Amino acid sequence: MMRSHLVNLVVFSFLVSTVFATLLRDTTRERLKFGAYAFAAFVLSTLVIGWITNPFPR
Amino acid sequence: MSESRAVAATRDASRTVTSGLLAWVWPGLGHLYLGRFGKGLVLMGSILALFVLGVLMDSRLQLHPGLEDPLALLFSAAQMGVGAPYVLARLLGFEAGLVKSPTYEYGNTFTAVAGLLNILVLLDALDTARGVKNR
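Chains A and B, in that order, are what the protein sequence lines are.
If you're matching positions, the first sequence starts at 1 in our numbering and goes up one per residue.
If you're matching positions, the second sequence starts at 1001 in our numbering and goes up one per residue.
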């Protein structure tokens, strides 16, 4: 199940961002904003690192 | 200290310990005990989803109690942070994992992070019980 790297990344980022936002912010609005920011940071940073490391062999 | 204050202090300490224990035993249960229903349910759903997905992705849940492999010990401790779901998964026969599975490493990451996040949730429940956090 879930062999797609991208799907794994998105699901993981969503769930972890949800927990962080719930713990670190107090209002629903702040949680949504922080959660969206954390989710975007997780996904984008992983894609950027993936691009940077792409030319290197395993 | 008056008798009523002593009783209240004992009750507060008992509430703090109970919420901490419940938070470790089952993700989100500490917050539900403290009356933070929305927060507890969101945390429970997210952490259980991470852990269950990790187990379904063939994560290994074996214990490493010795010090001969410190990293494996830390990894076990991280997974055990999720509490009863870890024990349940082992009892249901998911402890071995499947090293050859393409999702094995993803599964390990999901289960370990679920346990580590539950430790943060436990600390948050303790802070909430002690009145350090109001929400």
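It should be emphasised that the hints constitute simulated quantities derived from the structure, not laboratory data.
Being a predicted model, the structure only gives us computed values, none of them experimental.
Heads up, some of the hints might be wrong.
DEER-style ranges, computed between Cβ atoms [to be verified]:
(1) A:A41 x B:G1131: 27 to 33 Å
(2) B:Q1062 x A:L32: 36 to 42 Å
(3) B:T1109 x A:T27: 41 to 47 Å
(4) A:T46 x B:D1012: 39 to 45 Å
(5) B:G1045 x A:T27: 31 to 37 Å
(6) B:F1037 x A:R3: 46 to 52 Å
(7) A:W51 x B:L1071: 42 to 48 Å
(8) A:L44 x B:G1045: 40 to 46 Å
(9) B:Q1062 x A:G50: 27 to 33 Å
(10) B:L1021 x A:V10: 43 to 49 Å
Simulated pairs of lysine to any residue, SDA-like, Cα-Cα distance not exceeding 20 Å [unchecked claim]:
(11) B:K1133 x A:T27
(12) B:K1100 x B:K1133
(13) B:K1100 x A:T27
(14) B:K1100 x A:N8
(15) B:K1133 x A:F14
(16) B:K1133 x A:N8
(17) A:K33 x B:V1042
(18) B:K1133 x A:R31
(19) B:K1133 x A:R3
(20) B:K1133 x A:T28
(21) A:K33 x B:G1038
(22) B:K1133 x A:H5
(23) B:K1100 x A:R3
Virtual Cβ for every residue (Gly too), placed ideally from N, Cα, C.
Proposed proximity, R3 (chain A) with K1133 (chain B) (alpha carbon, max 20 Å): violated (40 Å)
Status of the given 43 to 49 Å range, CB of V10 (chain A) versus CB of L1021 (chain B): Roughly 34 Å apart at Cβ, these two residues miss the hinted range, so it is violated.
Cβ separation of F1037 (chain B) and R3 (chain A), checked against the hinted range 46 to 52 Å: Distance hint for F1037 (chain B), R3 (chain A) is violated at roughly 36 Å.
Supplied distance hint 39 to 45 Å, evaluated on CB atoms of T46 (chain A) and D1012 (chain B): Cβ of T46 (chain A) to Cβ of D1012 (chain B): about 43 Å, so the range 39 to 45 Å holds.
C-beta pair L44 (chain A), G1045 (chain B): status relative to the range 40 to 46 Å that was hinted: violated (25 Å)
Hint consistency between K1100 (chain B) and R3 (chain A) [alpha-carbon to alpha-carbon, up to 20 Å]: With Cα atoms ~13 Å apart, K1100 (chain B) and R3 (chain A) stay inside 20 Å; holds.
Satisfaction of hint between F14 (chain A) and K1133 (chain B), Cα-Cα up to 20 Å: violated (25 Å)
Straight-line alpha-carbon gap K33 (chain A) to V1042 (chain B), limit 20 Å: With a Cα-Cα distance of about 16 Å, the restraint between K33 (chain A) and V1042 (chain B) holds, given a limit of 20 Å.
Pairwise hint evaluation, T27 (chain A) against K1100 (chain B), where the allowed Cα distance is 20 Å at most: violated (44 Å)
Distance restraint between K1133 (chain B) and N8 (chain A), which requires alpha-carbon spacing of 20 Å or less: Answer violated: K1133 (chain B) to N8 (chain A) is near 33 Å, above 20 Å.
K1133 (chain B) paired with T27 (chain A) [C-alpha distance capped at 20 Å]: holds (13 Å)
Straight-line alpha-carbon gap K1133 (chain B) to H5 (chain A), limit 20 Å: violated (37 Å)
The structure shown violates the earlier hints numbered 3, 5, 6, 7, 8, 10, 12, 13, 15, 16, 19, 22.
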